[in-house]
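S.K.: Here the protein sequences line up with chains A and B, keeping their order. 61 is the number that this note's numbering gives to position 61 of the first sequence; each next residue is one higher, with no gaps. 212 is the number that this note's numbering gives to position 212 of the second sequence; each next residue is one higher, with no gaps.
In case anyone wonders, no lab produced these hints; they're calculated from the structure. Just so it is clear, CB atoms sit at the ideal spot from N, CA and C, and this is done for glycine as well. It is possible that part of the hints are untrue.
Said to hold, decoys possible - Just a few of them, taken from the derived set where beta-carbon distance is under 10 Å, the chain A residues facing chain B:
#	residue
1	Thr7
2	Arg76
3	Cys81
4	Glu126
5	Asn130
6	Pro132
7	Leu148
What the hints assert, rightly or not - Okay, the calculated beta carbon distance ranges per label pair:
#	chain 1	residue 1	chain 2	residue 2	range
8	B	Arg18	A	Glu110	54 to 64 Å
9	A	Glu110	B	Ala158	51 to 61 Å
10	A	Leu18	B	Leu196	26 to 36 Å
11	B	Met163	A	Gln12	49 to 59 Å
12	A	Lys21	B	Ala22	27 to 37 Å
13	B	Ala171	A	Glu111	45 to 55 Å
To be verified - Just so you have them, the derived chain A footprint on chain B, three or more residues with Cβ under 8 Å:
#	region
14	115-124
15	160-170
16	224-235
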Amino acid sequence: MDAIRVTHVTKQYPNGVLALKGLSLSVQTGEIFSLLGQNGAGKSTLIRILTTYLRPTSGEVTVLGRDVVREGAAVRSRIACAAQQVSLDSHLSLAENMRFQARLYRIPKEEGKRRMEELISAFGLEEFRNRPAAACSGGVKRRLDIALAILSHPGILFLDEPSAGMDVRSRLTMWEMLKQIRKEFGTTILLTTHDLEEAGCLSDTVCIIKDGREAAQGSPEALKSVLRRDMVCVQFSSGDEARRYLPLFLEEFPQNKPFVRDREIFWNAAGGDGGIGPAAAFLLRQRLPFVGVRIARPSMEDVFLRLTQEEMREEETTWTR
Amino acid sequence: MDTLTIFRRAVGWRFHNRITIAVTLLQPVLWLVLYSLTAGPAMKLQGIENYTAFLFPGLVVLVSFSACGSGGMMNYMMKADGSFYRILTAPVRRGSIVLGQMLEAVLCSLFEVAVMAVISLFFSVKFPQTPGRLALLLVLAGCGAFLTAGLSYGISLALPNEMIYETAMNALALPVFFLSAALFPASQAQGVLSILIRLNPFTYLIGSMRALMLRGEIHPRETAAVILGFLLLGVLAFRWSAGLLEKETRR
């Protein structure tokens with residue numbers, strides 16, 4: 001069953017900006033679904049529509065079988081959201097924020113208390129329990145924000161860039177919590193992220209949005225296979241060195257369009273004479289001071305860039321990080 | 001239940017921002033102390049024995065605008081810290097959100113009225129001695145505050161930022177205060193000024209409170225009309241605000 005179904009949705013803001021241009025996607029019950037896209041791709045607009053905060057200009061959106069426009073109140077009782085902007089009552093302490101959230105969602109007092117203790121412990125918030133939210137660091141606020149969203153055990157949990165501002169430990173803790181919530185309560189989780197590792201590790205399905213439309217949707221592995229080719233990767237001791245030798249590679253493997261990323265030169269192994277054998281022969285013939293050579297499988301980053309960047313091929317020749 | 005949850009939260013916000021109580025009290029207290037002392041002798045010539053007592057009901061209106069105005073400011077702060085979005089996506093009725101905050105603004109207004117009342121005791125102001133009359137005075141003050149709370153909430157949703165909101169609230173509060181019977185008897189006004197004062201509903205609210213305080217008089221029909229009229233206007237302001245809040249999610 002679809003927990004979320006979005007069909008040909010457009011959203012035009014009063015100022016004329018067209019944020020969504022006929023987006024369609026579906027999210028299965030109980031899955032972790034990641035929305036990937038560049039800034040302005042329409043991810044946050046979609047979340048705001050799904051959480052009933054905004055109305056779509058056209059198209060249909062159902063959440064847990066309910067229409068978000070006509071049955072907004074029913075939808076709101078089954079969902080929770082941690083928005084991109086941390087949304088806490090800064091004058092309340094962490095514990096008070098949680099108690100307020102429990103009352104908002106009509107969680108019985110004792111049950112609310114039990115869940116609160118559980119989340120405080122799971123998110124490592126013990127020492128901040130009585131501290132006003134305004135006096136906490138960004139990472140602590142973010143953890144609390146997500147804990148608040150989880151408190152009501154929603155049918156669908158929306159997380160807009162949940163790992164933004166979190167340190168590595170908190171991020172890993174949050175990932176574990178999300179997996180546990182899904183396992184324990186069957187909660188469907190929809191998150192937006194810029195973190196490709198997060199999308200790859202956490203998600204059952206990834207949807208890449210570009211300019212308000214879906215560019216691709218599938219499991220991380222399925223999306224990686226979209227590129228259907230391995231890359232040859234030659235590593236140098238520095239990025240400057242890699243860039244210095246790039247023209248030689250462009251001349252030798254023009255069909256394969258080599259490009260520099262960090263301190264490595266990449267090109268598509270398929271097509272022309274760009275395989276690992278010709279590469280090794282070229283390196284030895286030119287006596288280049290390379291550190292290593294390998295075959296690299298495409299990462300989520302490669303898929304993302306391939307699907308979201310305009311004129312990717314032209315950019316690849318000059319793009320560096 | 002939802003209303004109570006929002007109300008408690010708003011009380012918490014007010015308690016945390018106690019400075020708003022002091023700031024919103026400042027101007028009415030200055031009027032109460034300085035203006036009544038300065039203008040008192042001149043008003044004695046007009047037959048007003050205790051001008052501080054005469055001024056008090058008008059200042060109840062002024063303090064309501066100040067206190068409820070800062071309640072509207074809460075919406076801008078909630079939007080800035082994101083909790084506005086959290087509440088709107090929670091399973092809480094829009095009406096409960098508005099009503100909870102309006103009731104907190106009414107409570108704050110009544111608290112500030114009580115502080116002014118204590119101060120005015122030092123200026124020989126006498127308040128009704130019976131609990132019934134005292135309660136009636138509080139009901140009248142509460143009705144005025146309910147209307148101003150609804151207006152403040154709606155205006156804060158209708159205007160884009162705090163600066164425009166503050167300007168708009170001043171542009172509303174000062175004419176309401178000056179074009180009423182707050183500073184002088186309505187009967188002394190003439191011409192256009194008299195018409196404007198009679199068109200101002202707060203004139204009648206002030207009149208009822210003043211009759212109760214200065215002469216201990218209750219005119220049942222007039223008082224009931226004032227209470228019902230203000231409740232009606234308050235409900236209209238509440239519905240307007242709730243509509244605007246609903247509209248926030250229809251953009």
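S.K.: Hints first: check each against the structure and report whether it holds.
M.R.: How the hints compare with the structure:
{"no.": "1", "hint": "Thr7", "in the structure": "20 Å, violated"}
{"no.": "2", "hint": "Arg76", "in the structure": "5 Å, holds"}
{"no.": "3", "hint": "Cys81", "in the structure": "5 Å, holds"}
{"no.": "4", "hint": "Glu126", "in the structure": "23 Å, violated"}
{"no.": "5", "hint": "Asn130", "in the structure": "14 Å, violated"}
{"no.": "6", "hint": "Pro132", "in the structure": "8 Å, holds"}
{"no.": "7", "hint": "Leu148", "in the structure": "8 Å, holds"}
{"no.": "8", "hint": "Arg18(B) / Glu110(A): 54 to 64 Å", "in the structure": "32 Å, violated"}
{"no.": "9", "hint": "Glu110(A) / Ala158(B): 51 to 61 Å", "in the structure": "42 Å, violated"}
{"no.": "10", "hint": "Leu18(A) / Leu196(B): 26 to 36 Å", "in the structure": "48 Å, violated"}
{"no.": "11", "hint": "Met163(B) / Gln12(A): 49 to 59 Å", "in the structure": "29 Å, violated"}
{"no.": "12", "hint": "Lys21(A) / Ala22(B): 27 to 37 Å", "in the structure": "52 Å, violated"}
{"no.": "13", "hint": "Ala171(B) / Glu111(A): 45 to 55 Å", "in the structure": "49 Å, holds"}
{"no.": "14", "hint": "115-124", "in the structure": "violated (count 0)"}
{"no.": "15", "hint": "160-170", "in the structure": "violated (count 0)"}
{"no.": "16", "hint": "224-235", "in the structure": "violated (count 0)"}
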